[in-house]
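Student: Counting with this note's numbering, you get residues 1 to 295 for the letters of the sequence shown.
Hints were generated in silico from the structure; no laboratory data involved.
Careful, some of the hints might be misleading.
Taking lysine-lysine pairs in the DSSO-like style, the calculated list, with each CA pair at most 30 angstroms apart, reads [unchecked claim]:
1. Lys5 <-> Lys260
2. Lys158 <-> Lys54
3. Lys8 <-> Lys268
4. Lys108 <-> Lys233
5. Lys18 <-> Lys260
6. Lys8 <-> Lys18
7. Lys158 <-> Lys108
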Amino acid sequence: MSNLKVIKTRIQSIESTKKITAAMKLVSSSYFKKAEHATQNALPFVRETTRILKTILHNKEVKTFPLVRGGKSTHHVLVVVSGNRGLCGGFNVNIGRTANAEIARLQKEGKTVSLMCFGEKALSGLHPQNRELVEQHIVPEEKVPWVYASTIVDHIIKKVHKEEVGTASIVYTAFQSMLVSTIKAHSLIPFEDCLLENNKNFKEKEAFTPPLLFGVEPSYLSLVKKASENHLKSQLYFAMLESRASEESARMIAMDGATKSSEDMLAKLYVTYNRNRQAAITSELIEIISGAESV
Numbered sequence: 001m002s003n004l005k006v007i008k009t010r011i012q013s014i015e016s017t018k019k020i021t022a023a024m025k026l027v028s029s030s031y032f033k034k035a036e037h038a039t040q041n042a043l044p045f046v047r048e049t050t051r052i053l054k055t056i057l058h059n060k061e062v063k064t065f066p067l068v069r070g071g072k073s074t075h076h077v078l079v080v081v082s083g084n085r086g087l088c089g090g091f092n093v094n095i096g097r098t099a100n101a102e103i104a105r106l107q108k109e110g111k112t113v114s115l116m117c118f119g120e121k122a123l124s125g126l127h128p129q130n131r132e133l134v135e136q137h138i139v140p141e142e143k144v145p146w147v148y149a150s151t152i153v154d155h156i157i158k159k160v161h162k163e164e165v166g167t168a169s170i171v172y173t174a175f176q177s178m179l180v181s182t183i184k185a186h187s188l189i190p191f192e193d194c195l196l197e198n199n200k201n202f203k204e205k206e207a208f209t210p211p212l213l214f215g216v217e218p219s220y221l222s223l224v225k226k227a228s229e230n231h232l233k234s235q236l237y238f239a240m241l242e243s244r245a246s247e248e249s250a251r252m253i254a255m256d257g258a259t260k261s262s263e264d265m266l267a268k269l270y271v272t273y274n275r276n277r278q279a280a281i282t283s284e285l286i287e288i289i290s291g292a293e294s295v
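Can you make the complete structure from the sequences, with help from the hints?
Tutor: Pasting the structure below:
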């Protein structure tokens, strides 16, 4: 009977866990829909900021502007965008692994690397020696407002203009679908291409066609400056939105897997419980019959 009590206690424990994981899956599903909606809403803005910058650069070649072509300094800022919470499979660990590989590549090229981490779990996957490179660690609220992207980019721009930083890039998770997300390393400075090109669902289907020549007031340099700053902020903001959607989809998949595993474990435990219970009943019947025969 003691064995039956142990199995019954374990069944009750797993049933409680199953209820929790099922509830967390529903919560993650709600968060995921909001994150996906926010990503889709930001898409037109990101496309337009990129088109504006491409148009400006097409009509007049820019060779020296540091926010577009990169600065002279060998200092590189790597922005690592991770999740805020756990229980999402290997989401945060994989981001750390990619960041470690990117740091090693940059250092091999002779760059001095510093990190700006966004998300509470950003440090969890980094090597201990790479954690010493962290210059700033931002833990955001549940929502991903524009102010976080703006703050990080303003900090980088200030250092670029002071020639303390020459280049910058980002490690984030590109959201493909509810089941597929891929970790990407994308260059912010110098400008190479739009971050949307990393995602087959978001990339432009038609080739970029520059408009006709146009005039600029008050100066071309001020336009390049403003356009490049807005482009950097929109790129980082969209990366944060994609990472948030990827995190919630990963958590939803993880909780769904945990719920199914609980169901499998319960099915096996119920079989074991019923088998042991039947054996105990049979044993008691044999004892009763044996006692009756002896009388």
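Student: Now tell me if each hint is right for this structure.
Tutor: Each hint tested on the structure:
For a cut-off of 30 angstroms, the pair hint linking lysine 5 to lysine 260 stands: about 24 angstroms separates their Cα positions. A hinted pair counts as satisfied when its Cα atoms are at most 30 angstroms apart, and lysine 158 with lysine 54 qualifies at roughly 23 angstroms. Restraint check for lysine 8 and lysine 268: satisfied, since their Cα atoms lie roughly 12 angstroms apart, inside the 30 angstroms limit. For the given pair, lysine 108 sits about 28 angstroms from lysine 233 by alpha-carbon distance, which is consistent with the 30 angstroms threshold.
Proposed proximity of lysine 18 and lysine 260 is supported: the alpha carbons are some 8 angstroms apart, at most 30 angstroms. Note on lysine 8 and lysine 18: the hinted pairing holds, with a Cα-Cα distance of about 15 angstroms set against a maximum of 30 angstroms. For the hint linking lysine 158 to lysine 108, the alpha-carbon distance of about 26 angstroms falls within 30 angstroms, and the restraint holds.
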